[in-house]
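Please model the complete structure; the sequences and the hints are all you need to start from.
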Amino acid sequence: MADGWAQDYPSKPIRYIVPSSAGSAVDTIGRIVAGGLGEIFGQQVIVDNRAGAGGNIGAAIAAKTPPDGYTLLQVNNNHATNVTLYRNLGYDLVRDFAPVTQLALSPYVIVVHPSLPVKSVGDLIKLAKARPGAINYASAGVGSGTFMAAELFKSQAGVDMVHVPYVGGGPALTSVIAGETVVYGAPLSTALPQIRQGRLRPLGLTTTRRLSLLPDYPTVAETVPGYEFNAWAGILVPAKTPKETIAAIHDAVISALNRPDVSKRLTDLGYVVVAGQPDELAAYIKSEIAKMAKLIRDNNLTAK
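Note that the sequence shown covers residues 86 to 389 in my numbering.
Keep in mind that a hint or two might mislead.
Once the Cα atoms are required to be at most 20 angstroms apart in a straight line, the calculated PhoX-like pairs of lysine-lysine come out as [stated by the list, open to error]: (1) K379 to K239; (2) K214 to K204; (3) K214 to K239; (4) K97 to K328.
Restraint ranges, calculated between C-beta atoms of paired labels, are given here [unchecked claim]: (5) S372 to G175: 19 to 27 angstroms; (6) R284 to K328: 45 to 53 angstroms; (7) R295 to N343: 25 to 33 angstroms.
Bear in mind the hints are in silico, worked out from the structure with no lab data behind them. Bear in mind that the values here come from a model prediction, so they are computed numbers and not experimental data. In this text, a Cβ means the ideal position worked out from N, Cα and C, and glycines have one as well.
Okay, structure coming up:
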């Protein structure tokens, strides 16, 4: 284990900022990881939901906290997107934070409310082209993974759908279940239970190949060649956090992810556990920033 633990860290509860609403995919993975981390550390790891502005509110709060290891920020697709999408973030994703580790990857799935008369991705494209601007889709806000997954689909499928943003993935998912909106690019981890209960109809996974977990689920790419979009999550801490403290947090997170109960809960939800090094997360974030910047610029997306 890292030397940080030998220096009485942690000696008090740790704040784990999740920049999304309770019930969202981001929140779900955060609570699983925080629970495992708390057991490893022998201290409370308290999830603090700070939803809004595509994850910017939570990140801005975390950036201003003391670099002492007692505030962790869970980041995801949103944060790489926001670098290009928003002019004034209130923080710098690379300069104001230090990486700890990537947590997991998860595909998305395009789902619809059962009342929508479509059974496949091809059906949705035909309906959307026949009724341009008449079909709406939910998202967890501009810049969120749910927003970018849908916008990428719109761009590559050549369809026009109306965006209805919500403050977080939980409310967005609820809106589709209730029929307030009818299309959603949902993280598989949160959509799967609703699909199994018949509340949502799956049309296509956002992976390039079908999953062994769900072999009967087609991919969007089978109808829209080249389409791919995955969710990811990682942990950052404020910049200038001592290296030995980062090492202690990293070792504890890896230990938590390797616990059979934690890894099973994540894989059962459709996540692929990724337990990497800090520099690997830093490189991944930079590559995601570049990829999302291209999507945003090519399609003239803005944070309205």
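Hint by hint, here is what the structure shows:
Taking the CA atoms of K379 and K239, the gap is about 15 angstroms. The hint holds against a cut of 20 angstroms. Restraint check: the Cα-Cα separation between K214 and K204 comes to about 16 angstroms, which is no more than 20 angstroms; the hinted pair holds. In summary, the hint linking K214 to K239 is supported, as the alpha carbons are separated by about 11 angstroms, within the 20 angstroms threshold. Proposed proximity of K97 and K328 is supported: the alpha carbons are some 19 angstroms apart, at most 20 angstroms.
Between S372 and G175 the beta carbon distance is about 24 angstroms. The supplied range of 19 to 27 angstroms therefore holds. Take R284 and K328: their Cβ atoms lie about 47 angstroms apart, and the range 45 to 53 angstroms holds. Judged by the Cβ atoms, the range 25 to 33 angstroms given for R295 and N343 holds: they are separated by roughly 28 angstroms.
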